[in-house]
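Residue numbers (my numbering), protein chains in the order written: chain U, 1 to 339; chain C, 1 to 339; chain A, 1 to 339; chain Y, 1 to 339.
Honestly, the hints are just simulated from the structure, not real lab data. Just so you know, even glycine gets a beta-carbon here, dropped at the ideal spot from N, CA and C. Take every hint as true, because none was put in to throw you off.
Think about it this way: if two alpha-carbon atoms lie no more than 30 Å apart in a straight line, the pair counts; the simulated DSSO-like pairs of lysine-lysine are:
hint, chain 1, residue 1, chain 2, residue 2
1, Y, K27, Y, K51
2, Y, K332, Y, K115
3, U, K261, A, K306
4, U, K118, U, K319
5, Y, K195, A, K306
6, U, K6, Y, K24
7, Y, K107, A, K19
8, U, K231, U, K196
9, U, K328, A, K332
10, C, K154, U, K51
11, A, K261, A, K51
12, Y, K19, A, K306
13, A, K115, A, K306
14, A, K261, U, K319
15, C, K325, Y, K332
16, U, K306, C, K6
17, C, K11, C, K51
18, C, K177, C, K195
19, U, K306, U, K177
20, Y, K261, C, K329
21, A, K196, A, K261
22, Y, K319, Y, K115
23, A, K328, U, K332
24, U, K24, U, K195
25, U, K202, C, K195
26, Y, K154, A, K51
Derived CB-CB ranges, DEER-like:
hint, chain 1, residue 1, chain 2, residue 2, range
27, Y, Q75, U, K27, 28 to 36 Å
28, U, K6, Y, R16, 29 to 37 Å
29, C, H77, Y, P172, 53 to 61 Å
30, A, R16, C, T34, 18 to 26 Å
31, U, S322, A, E156, 40 to 48 Å
32, Y, K261, C, E305, 19 to 27 Å
33, C, N73, U, K27, 58 to 66 Å
34, A, K155, U, H77, 47 to 55 Å
35, C, H77, U, F139, 25 to 33 Å
36, C, N94, A, R16, 35 to 43 Å
The primary structure of each chain is shown beneath.
There are 4 protein chains.
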Amino acid sequence: MIVILKQTATKDDVKRLTKDIESKGLKTSVVVGTEQTIIGIIGDTTLIDPKMYEVDEAVDHVMRVSEPYKLANRQFHPNDSIIQVGDVLVGGGNLAFIAGPCSVESKEQIIEVAKSVKASGANILRGGAFKPRTSPYSFQGMGTEAIDLLLEAKKETGLPICTELMDASYIPLFNEKVDLVQIGTRNMQNYALLKKVGQEVKKPVLLKRGLASTYEEWIMAAEYIMANGNKNVILCERGIRTYETYTRNTLDLQAIPVIKKLTHLPIIIDPSHAGGKWWLVPAMSKASIVAGADGLMIEVHNDPEKALSDGPQSLRPDKYDSLMKDIKKLVKVMADGND
Amino acid sequence: MIVILKQTATKDDVKRLTKDIESKGLKTSVVVGTEQTIIGIIGDTTLIDPKMYEVDEAVDHVMRVSEPYKLANRQFHPNDSIIQVGDVLVGGGNLAFIAGPCSVESKEQIIEVAKSVKASGANILRGGAFKPRTSPYSFQGMGTEAIDLLLEAKKETGLPICTELMDASYIPLFNEKVDLVQIGTRNMQNYALLKKVGQEVKKPVLLKRGLASTYEEWIMAAEYIMANGNKNVILCERGIRTYETYTRNTLDLQAIPVIKKLTHLPIIIDPSHAGGKWWLVPAMSKASIVAGADGLMIEVHNDPEKALSDGPQSLRPDKYDSLMKDIKKLVKVMADGND
Amino acid sequence: MIVILKQTATKDDVKRLTKDIESKGLKTSVVVGTEQTIIGIIGDTTLIDPKMYEVDEAVDHVMRVSEPYKLANRQFHPNDSIIQVGDVLVGGGNLAFIAGPCSVESKEQIIEVAKSVKASGANILRGGAFKPRTSPYSFQGMGTEAIDLLLEAKKETGLPICTELMDASYIPLFNEKVDLVQIGTRNMQNYALLKKVGQEVKKPVLLKRGLASTYEEWIMAAEYIMANGNKNVILCERGIRTYETYTRNTLDLQAIPVIKKLTHLPIIIDPSHAGGKWWLVPAMSKASIVAGADGLMIEVHNDPEKALSDGPQSLRPDKYDSLMKDIKKLVKVMADGND
Amino acid sequence: MIVILKQTATKDDVKRLTKDIESKGLKTSVVVGTEQTIIGIIGDTTLIDPKMYEVDEAVDHVMRVSEPYKLANRQFHPNDSIIQVGDVLVGGGNLAFIAGPCSVESKEQIIEVAKSVKASGANILRGGAFKPRTSPYSFQGMGTEAIDLLLEAKKETGLPICTELMDASYIPLFNEKVDLVQIGTRNMQNYALLKKVGQEVKKPVLLKRGLASTYEEWIMAAEYIMANGNKNVILCERGIRTYETYTRNTLDLQAIPVIKKLTHLPIIIDPSHAGGKWWLVPAMSKASIVAGADGLMIEVHNDPEKALSDGPQSLRPDKYDSLMKDIKKLVKVMADGND
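Make the full structure from the sequences, and use the hints.
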C-alpha cells in the first residue's frame, strides 16, 4: 500500500504517519519526490483499511498495490480449482453445461426439458424455485414444491440440480436436496447471506456477478464465502449494467481471461440473462467457450410463449441441441490445437 | 401496454394475439400502420409481464405506457406522504436531519456525537451496528451491542435512532429498539428481505437506492415493502455507480424532482456515501435542500482519523454545525419565497 | 410513433393533436385506454422529431416503434453489404484481418511489422499517422510522413492500408493514398467530419463505435456518412465505457449479432483497444470470430516496450501468428458446420 | 509515478528499469516489500506515458500519483481564473447567466427571447447556429445566418453572444462575431478541433464535458486548448451518460466542488441538456448555484411546442423569470452568509 502525501505535508507529518503505521507491525519506506512525498507500507496490508489514512490532513490519497483477497487469489494457489457438482467436475478443463427453464412450472415441463437438454449434452439441470422478480405482482416461483419437481427430474435423468437460494432459512433444505446452490446477481453483496452460505452450505456455490459489480467486488464476494468455510465457489458472469438498453445487459466476456488470471476459481457464462434475447445466445455461447469459459448456463424452455418468466431469453430445445453440436465441434478443434 | 408486431405478422397473428389478450379480461385496440401493426392493451396491465408477448414469433417488442407500480404512485395518491419517525415528521415540508457516525464504536463516541449533532439541529441519530463491508476482513460493526449504545444516546438526547437491518432474523430486535429501519443499497433488491420488512417491520423504513438501480427499480423495491403491508417508506438517494471513479459514486440530485413527480414518498439525500469525500458534503447538502429534498443523512464523526469505517467521508462536528447554519438560512429564504 | 397522453388530457387535446399530426401528411389512430389515451402515428415518421410532441402540455411521452435509420437498415436491404478495401472484400462471409502498430514510428518498424503480419495471414495493414491522445504532451503521431511510410510497406507487401482521419482538411490526401479511412471513437459524433466524409471521401470508411454510444447512435453515425453519399461503411466495435476500470473498456460482443440484425453493414472487432491488455486479445479475437464478426483489427508491434503509444495492448508478431493459426482452424470448423 | 513490479521480478529487472528511467533525467527510489517491489519515479513525470513501463515483462502495473495537467491545475495557480466574455466577468464570484433558445429560428424569435431573458437577469445570450443532431434528417441549424441574427439581438440588448463551433473552418467568422465560443459535448475529444481552437480562437471558450468523460479527460481537453495558446476556458457540466434513461443524462453536481479543487477555471452548469425535461431545470439550477457554480446555461424558448429542437427541455420566459428571482435570493443569502 502506498500513502501519497499532500505537497503541504511536513517532515513531522511523515514521522507521525510512519510511526503510526509501524505501530501496527508493518514496515515503511519513504520516497521524497520533487512534488510529493510517498510512504510505502511493507507487510501484510490486507487487514488495513486504506481509508484510515486517507482521512489524515497530511495525506492526499492512498493506493493499494496488491489485491485485497487471499483465498481466491491465483497468486497463492496457481492451479485451477476443480469443483465437484454431484458427480460432474467443473474447472481445470472440465466444462459445465447447465440448462433448464428459468422457472420450474410443472412436473411435465421440468421432466421434458431435463430429458431434452440431457440428450443434447447438458450435464447439470437448472430451474428456478424462488424467483427474484422486480415486481411484487409478478410470479414469484413455485418455491419448495419446485425443488421436489427438480428432484424428480434428477431421478429421471441423473442430472444434478442447480437452483437459487434467496433466503438463509432455506439452507437446510438446500443442503438436503440441491446439488449446486446459486447466489443470484441481486444478492451478490448480501453479506448476511454470503456469511451463512460460507458457514452452513455443504454444497458448491454458483456465485453470479452483481449487476454493476467490479471484478474485485465479485472476487471479494467469493472471498466472503470462502473465508467463512466453503471453498467450492464457481463464478458466473451474466451481463453487467451499462448505458446500452437494447440488450438487457452487456455481456462482459473479457471477464473470462481476467478472472482466470486473478483467481483459480472456475468461471461460467450465462448468455441468456445477459442479452435477454434468445437469438443472442448461440453466438455468445460459442464465443464464451472459445474464450476459455468453464461452462455455460442456458435457459431452455419447451414452450417459451407460455413461460411464466423470461420467455424471450429462452432457447427452444431444438435450438439448444443445434448449439450444443456446434460447441462440441469447437471444443474438439480447441483440444486438437493444444496437442 | 402496446404490442408492436413484426412487419411479417399476418392478420391471423393479430387475431390470435388479441384473442389471447382478451382472454385475460383486457381489451385491445389494433392500429394498422404502413410499416407495422400495433395492438394497444386496455385495462389494468400491472399484472401482465410484457415478456410473455415479446417471445411470440409475430411480435417485435412490447412497450409499457404506464408505470408498473400502484401504491407508491403519486397518480393515485396526489398528496405527499408524511412519515413519522419517533415524534419527528418527515415529508410534506418537514425535513429530516439524520446525522451520526458511520459505525457505532463506543458509548463515549456515540453519546458525544449525538449531543453534538443535536445541538447543531439534527433530529434523528444514525449509527451503524451491522456494516455491509466489501471485505470479509474489515470491521463488520459492533452488532446488537451498538443498538444498545444507540439507545443510551437516545436516552441522553431524545433523538430517535436509525440503523441498518441486513438480516431478517433481527426484525424483532429492530421492532423493539430502532425508530427508523434502514435497508442498505446492497440489499435494495434482496426481495426475501423486502417482503419480510413489509410484513413484519412495525417501524418506518429508510430505503436506499441500489448502487445501479433505475428510478423504476427503486420505486418497485418500495412497492414490495408497501404491498407486503408497511406503507411507511422514506427513499434515500446515495449516489449511483458510473464510469467516474474520482468520487465514490455520482450523486444524482435530479432524483429529487423525479421521485417527487412519480411518487408521494419523501426522499432524502445521503451526500456522505455519494462522494466518499467529506469536503463534497457541504455543497451537496445545500444543493439537495434547495432542490426540494425532504432531508439529509450525513456522517459525522468526532475523530475521523480513528473511525473504524468511512472516515474520509465523515464531517467533524464543527463543520456539521456550520453547514446546518447555512441550511437553516436557505430553508428560511425558500420559505419566504413561497409567501 | 406513439403519443401517450396524460390522464388529464381532454377530448379537445386529442382533436388538436391529431389535427396537427395529420397536417404533416401522416395518419393517426386513437386508442382510448382506461387510464390513458394514446395516438398512433401512421406513415413515414423518420422526419418527425418525437420531442416536438413531448413538449405539449397534454402529452406524457412519445415512443418510437420503428428505427430512425433507413440506408443502414437491414429491413430495406436484407443482404449483407460487401465492402471492397483495395482488392480485399469485407462482409458477407469475407473476413478482414487488419493488423499493425498503434503508431507508425519508422520505415523499418512498419515494413517489418507489415511483412510479419502478412505472413501470418493479415490482409490489411493498419498504422496510426495522426493520433488522438488524451494529453497534449503525448506523442501525436508522425502525421503525413507516416502515411508515406505506410505506402512503402504497401509496396513491399501488397497490403491495402488503413489509418485514422481526424481533420477534414486531409481528405484529399487520404483519397489519394489511404485504402480504408478510419473514423475514431472520439469523432463518432463529430458530425461536421461525418458529413464531409460522406460527401468527399472516395474510399471505404471504418467507423468505430463511440466510447459511450448506443447501437442506435452508432448506426445513425453510419447513416450520416451514407446519407451524404458514401455507402461503404464498415462498423468497428472497440469496447465501451463502463464502471469497470480493470480493463480499459468493456468489449461488447453482443454487438455482433445485434448489428447484423439491425443493419446490413459488416462489423469487425478491435480487441486491442477494448481491453488495453495484450493478454486479453487472443481469447477475445477467437470469441469474435465464432460469434460471427466480419474481421478483426489487432495491434501488433515488433517491440512493444519501445512503442510510442499503446504498447501494453500490442501483440508481438509470434503471438499474432499463433493466434491467426487458431483462428484459421475455427473458421474452418465453422465453415464445415454449415455444410 | 510508481512502478509496481511483479512478484517474479528479479534484482536485474530492478537495475535495468531504474537505469532506463534515470536515462530520461528522472530519479528513482526503490521500495522492497514482502510481496512486491516498487520503484518510485521522482521529477517531472508529465511527459512520461505510464504505458511505456506497463508493457515491461517485469512490471505489474504503473500508477500516477500526481495529475497529468499543468496549466489548468490549481496547484500551480491557486487563485480563481476570471474570464471576460464581452464585458461580462465569469469566475471568482462573478456569475454567468447564459440563456436563450436551443436553436436560432428567426429574427423575431431570437430578439424576443433575448429581451425577455435580459429583463430577467441573463447576462449572455445563447442560440444554436450549427446543431449537432443525432439524425442526418433532423434540422441542422440555420448556420451563418443564425449568427447574424444573434448579432442583431446583441445590438438590441447589449448581451454578448455564445454559440457552438463544430467546424474549424468557421473560426475566422467566430473570431469576428461571437463572444463566447462553445465546444460541444460530442467534440470534447475532437483533438484536431481543440488544437485549432487553442491556436486560432481569440475569444473565450466554453468547453462542455463529454458525454462520458471523466473529470481528468475533461480537464485534459481544457489543457489542450490552453497548451495551444488560449487560456480563457470556462468548463460546463451538462450531464453524463449513465444506465438511467428516465432523464436524458445524469447531472453530476459533485463536479462543481471537484473542478474547483482540481483547477482554477470557472465551471457553469447546463441543467437543460442534463435532464432533457424543463421541469427539472428550476430545482437543478438553484442547486447548482448554492453548490458554488459560476453560472448557468439555460434553454429558454418563447414557444417550446414549435421549437425546431429540444423543445421539451426549454423553459418558457415566465418560468425563467421566476427562477431568476429565486436565484437572486439565494445568491443574496449566500453572500450575507460570508459576512
